[in-house]
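Chain C is already provided as a structure; the job is to place chain U on it using the hints.
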Amino acid sequence: MRIKTIIFISSLIFLFCTRIFSLDDFLFEPTKIDEYLRTEDFDEDWGVRFIIPDSLIEPVTLTSMGNAIYGFFVKGYPDSMINNQVTILYCHGNSDNINRYWGRVEYLWEMGYNVFIFDYQGYGKSEGNPSGEALFSDGNVALDYLQSRTDIDTSKIVFYGWSLGSYVATYLAADVYHPPVLVLEAAPASVTALLHDAGLINLPGSYVAEADFDNEARIADIGCPLFMMHGKADDFIVFERHAPLIWEKAVEPKQNLWVEQAGHDDIPEILGNSYNQAIIDFITEYVLNQ
Amino acid sequence: MKIIRMRKIAAGCLLAIMFLSIIRCGTVASVQPIGKGESNLAFSLAGPVAPVFDIKMPIPYTVLRYRRGLNENTDFHFGIHPTMIILGNFSIDVGITKHIVPQSGWIPALSLEGSIYGFYHMNEISSIRVYPEITLIGSYRFSERGHILYFGVHNMMQLARPYVVFVPLIGFEVPISNKIIINLETKWYAPIEESENRVVDYSLTPFGYGAIGFACGLSYKL
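Protein chains in written order, with this note's numbering: chain C, 1 to 290; chain U, 291 to 512.
Because the hints were derived from the structure by calculation, they are not lab data. Any given hint could be a false lead.
[Said to hold, decoys possible] In silico DSS-like cross-links for lysine-lysine, where the CA-CA straight-line distance does not exceed 25 Å: (1) C:4 / U:469; (2) U:469 / U:388; (3) U:511 / U:326; (4) U:388 / U:326; (5) C:4 / U:511; (6) U:511 / U:469.
[As the list claims (entries may be wrong)] Now the stretches of chain C that chain U is said to cover, found in silico as 3 or more residues with beta-carbon under 8 Å: (7) 203-209; (8) 232-245; (9) 277-288.
Glycine included, each C-beta is placed from N, C-alpha and C at the ideal position.
Chain C extracted, bound-state conformation (with noise of 0.2 Å):
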């Protein structure tokens, strides 16, 4: 008996310090694709128009943790007034892969930015497995990438996020380069937030989570201006119970922009051609006016 005691105590401090499983997996939502930009792939519902011409998508391939991620640089149009002055890197969110988020670079392309977007690993195309580590060295990988071109100006790269991407946006701007501005949209404050929302308890989300995924401990360490969005009606990511963790968190210079009837994903569609003034009037007063 008292073997079969000893075992079984050895047994679950084994398993304590191996910690066997990992609950990481399900923050992840990837679909794989074969072939991005395939007209039969989009959904109606993400409301991509497809109005850029294909002379200006240069897909690019880079390389993370040894696993290949795929992106697209879409450069501005060419007539633009900021053409090649702005660059925005955008951190998509959770679901799918590029293609869920290709309305919103129309959107940013529009306006007349570069923008640069890209799958995580596991996303898409994009080999290996999802992970906050991962998805950390995605993020790096492809700011290097930005900052190693020679025909945009790099002191003028935007990070932008959103929902998921707003991890990674934070964490490069607080963690590798701060950069002129920081774009947060539909941010979760952390890990913890999300186990406090679900389960009213107060534990660190490392119970659960692997992923240093914590954007309210990470903004006041951006240094550069913060403009945040959240719809008041967004459902998942609950504006009281996250937006003001990272609101009152944040150093001045910041904006928000709360919209009453957005919930998670239509934030440009509720706001309209408001959603594309609000962000040029925020870059050009931070980034060009500097």
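Relative to the frame of chain C, chain U by itself:
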């Protein structure tokens, strides 16, 4: 919308498990005294119902608990939580159950349990959390063999909103043999907290509040 639904399912699987861990999702109640010097080992599995891989089921949170009778009316228990352990989290509970009123006619037997739940995530001292919990259980033994109907409420406390999380429950204890007892419980987790617009899409949310879950336990008399 499809995308939001999928996101919520995934996040729900992840996060609901934590919901269970502290507010007694994985344990069944100590209903009646086991007697001085007696001891048993109980394994329980439970949780609120939520979609897991598109199947609505109680999240499988497990607890292994040792219980010993200190005297005729007082039991001691110590539990470990395997589900948390495989996630690299050290998780235990320890407590005392005092059986304060014996059953008399329509008056149910009453027991009061005080427990401490402790959590620690490996290599992270700041992750240590301790949560006290008080449980009040009323029970009726209604057969010679020892079938028991019981009801009560867990009250877990923390230094954050909500400061107290209530979990009303109703359960049924069935003796299978002289050594084996099965408990089946239905719990209503956090019935005064709104369920809508949470990361987890709990499947059973009466009146839009809290989440219904189920627990089952198997006790073996040592």
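Tested hints:
1. C:4 / U:469: Between residue 4 of chain C and residue 469 of chain U the Cα gap is close to 20 Å, so the pair holds against 25 Å.
2. U:469 / U:388: holds (22 Å)
3. U:511 / U:326: holds (13 Å)
4. U:388 / U:326: At roughly 12 Å apart (the allowed maximum being 25 Å), residue 326 of chain U and residue 388 of chain U satisfy the hint.
5. C:4 / U:511: Distance ~17 Å between residue 4 of chain C and residue 511 of chain U Cα, so the pair holds.
6. U:511 / U:469: Judged against 25 Å, a Cα distance of about 5 Å means the pair holds.
7. 203-209: As far as the stretch 203-209 of chain C goes, the hint holds, because 6 residues have Cβ atoms under 8 Å from chain U.
8. 232-245: Since 3 is at least three, the answer is holds.
9. 277-288: violated (count 0)
Figure legend: structure checked against the earlier numbered hints; the only hint not met is number 9.
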